[in-house]
Amino acid sequence: MNETVIDRNAAPGRRPARPGRTEAPPVSRERVAASTAAAPAPSPRDVPAGPLAAFPRRHLLGIQGLIRGEIDLILDTARAFAEVSRRSIKKVPTLRGKTIVNLFMEPSTRTRSSFEIAEKRLSADTLNFSLSGSSVSKGETLVDTARNLEAMAPDMIVIRHRAAGASHLLARHCRSNIINAGDGSHEHPTQALLDAYTIREKKGRLDGLRVAIVGDLMHSRVLRSNLFLLRTMGADIQVCGPPTLVPIGLERLGAVVHTRIESALEGADVIMMLRIQRERQQGGAFPSAREYFNLFGLTRERVRLARKDAIIMHPGPMNRGVEIDSAVADGPESVILEQVSNGVSVRMAVLYLLAGGTLGDLAA
Amino acid sequence: MDGAAIERSLARVAHEIAERHADLSGLALVGIRTRGVPLAHRLQRRIAGLGKRSLPVGTLDITLYRDDLTTVGPHAVLKETNIPFPIDGRSIVLVDDVLYTGRTIRAALDGLMDFGRPKCIQLAVLVDRGHRELPIRADFVGKNVPTSPQETVAVHLQEIDGKDEVLLMSAPGAGRVPRSAAGRGGVRSVRRP
Chain B
1 MNETVIDRNA APGRRPARPG RTEAPPVSRE RVAASTAAAP APSPRDVPAG
51 PLAAFPRRHL LGIQGLIRGE IDLILDTARA FAEVSRRSIK KVPTLRGKTI
101 VNLFMEPSTR TRSSFEIAEK RLSADTLNFS LSGSSVSKGE TLVDTARNLE
151 AMAPDMIVIR HRAAGASHLL ARHCRSNIIN AGDGSHEHPT QALLDAYTIR
201 EKKGRLDGLR VAIVGDLMHS RVLRSNLFLL RTMGADIQVC GPPTLVPIGL
251 ERLGAVVHTR IESALEGADV IMMLRIQRER QQGGAFPSAR EYFNLFGLTR
301 ERVRLARKDA IIMHPGPMNR GVEIDSAVAD GPESVILEQV SNGVSVRMAV
351 LYLLAGGTLG DLAA
Chain U
365 MDGAAIERSL ARVAHEIAER HADLSGLALV GIRTRGVPLA HRLQRRIAGL
415 GKRSLPVGTL DITLYRDDLT TVGPHAVLKE TNIPFPIDGR SIVLVDDVLY
465 TGRTIRAALD GLMDFGRPKC IQLAVLVDRG HRELPIRADF VGKNVPTSPQ
515 ETVAVHLQEI DGKDEVLLMS APGAGRVPRS AAGRGGVRSV RRP
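Heads up: the sequence lines are chains B and U, in that order. The numbering of the first sequence is our numbering, which starts it at 1 and goes up by one. The numbering of the second sequence is our numbering, which starts it at 365 and goes up by one.
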């Protein structure tokens, strides 16, 4: 206990438990392997219930390995941050004097601007760094780029990269807190967290909900992060996509795989559509966009198979008329724009929790 | 300090607030999380019980405004701030349980300013234990309790802890025998477990 300040938790019996701190693996042993299909997901039942008092990690590299209490803590904290975005002065001084580098080596509008707004609302100084106009285009390696950035002493690095495991690589080479903003087809943890936050705000819980995820299952990092998160939180996950875009072994991550969209949507509380990622596909996964829409597109008729109060989500950017009909995307069940608003609160929560955990958790 | 003593102190503070503000129409109470919030609600009921108007009550979480985010271990879980009235031009009475270094109040002042420009801000606390590190003082004090920096003042309230009491605890291993409770204005001294 620090004697120079009022410690609001100092009274005996009121001291918050810190169970997660001892359970968290040392950073050096963080999983670097990007092949998630073979990794066993943790059983949702053997983790303590209720949010932790503090986030026990230095980095947010993925959802895989997070326990229920950690996810609850992030979502609860995000809820408190939502209030900041409703004020007329949308700024708090929490991260004043902290420097955050946004290292975006892949195109991004939503995630990047969401992080930037979150950082600015927390009063951090931000530095944006993108693929074009950087020395990466001159042949510098990622580690060299990161080391050079780090020589300027940033406190956190938010990284988006086309290679799976890029954020893990940075975590091994940098002293800053690393946040994965999407690495190849591997993970996109803040997206899964904002999806979970949106579901929880709408449905009041995650446990026991039936979630249907439809689209390009092969290339989707959003899917993988969501699988880890939803399984940890006890949701029932149904997935569907063209067989050419279903990775082998997906069932082992806890999802029931369907080949017909109708059976996946039946009785769903939540419908999550995934983008057809043309930039990652080698081509030939399906004959045409029209055929894809006919077989897997979300239409009004198909929405009726889900529960009456089902919500419809999409991580964006949407391909209207390919994976989702405009009438559905703009319909009353759609929470797609709420997802974007919630993204700011969730990212503020992640930045805040990682910043607060810095001192005690420096891995020896 | 037991439940009855806490209630007596709050009754006096409520009277003082009502006396100081002849016109209560421009006044609002803002409780600082966690224990300032139930105290603000109790003051609201007491002031209303004096035949005065029922004042609006807001809650303020100062976690985001603390000056020790990265130097103190795990911080409290962030809770929502809820000030459901415009504070521009209003007189605000901040309410907290213990006034100690003044850093919490500094943070609360910064937090409040982000919501607008109040006419004035006053401070009401249940216990003032001294040892200020900033030029801050309370306008309404339930009880002044002389303490040493090694001691901890724990306020327990029915709404949160299931019981009303104020305890003065000496730090373990400090080798100090707690002074008699009588000398502390009725605040019970206990050895910290």
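These aren't lab readings, by the way, just hints derived from the structure by calculation. Check before you lean on any hint, since a few could be wrong.
Claimed, not checked - Simulated restraints on C-beta separations:
| # | chain 1 | residue 1 | chain 2 | residue 2 | range |
| --- | --- | --- | --- | --- | --- |
| 1 | B | Glu150 | U | Arg409 | 29 to 37 Å |
| 2 | U | Ala412 | B | Lys91 | 33 to 41 Å |
| 3 | U | Asn508 | B | Asn148 | 52 to 60 Å |
| 4 | U | Pro448 | B | Arg307 | 27 to 35 Å |
| 5 | U | Cys484 | B | Glu83 | 18 to 26 Å |
| 6 | U | Ser418 | B | Met152 | 26 to 34 Å |
| 7 | U | Pro420 | B | Ser263 | 50 to 58 Å |
Here the structure is a predicted model, which means the values were calculated and not measured. Beta carbons are placed, not taken as given, at the ideal position from N, Cα and C, and that holds for glycine.
Now the hints, each set against the structure:
Between glutamate 150 of chain B and arginine 409 of chain U the beta carbon distance is about 56 Å. The supplied range of 29 to 37 Å is therefore violated. Between alanine 412 of chain U and lysine 91 of chain B the Cβ separation comes to about 35 Å, which falls inside the hinted range of 33 to 41 Å. Distance hint for asparagine 508 of chain U and asparagine 148 of chain B: a CB-CB separation of about 57 Å, consistent with the stated range 52 to 60 Å. Between proline 448 of chain U and arginine 307 of chain B the beta carbon distance is about 34 Å. The supplied range of 27 to 35 Å therefore holds.
Taken as a hint, the range 18 to 26 Å holds for the pair cysteine 484 of chain U and glutamate 83 of chain B, whose Cβ atoms sit roughly 25 Å apart. In this structure the supplied range 26 to 34 Å is violated for serine 418 of chain U paired with methionine 152 of chain B, their Cβ-Cβ distance being about 55 Å. A beta carbon spacing of about 54 Å between proline 420 of chain U and serine 263 of chain B agrees with the range 50 to 58 Å that was offered as a hint.
Of the numbered hints given earlier, the model fails hints 1 and 6; all others are met.
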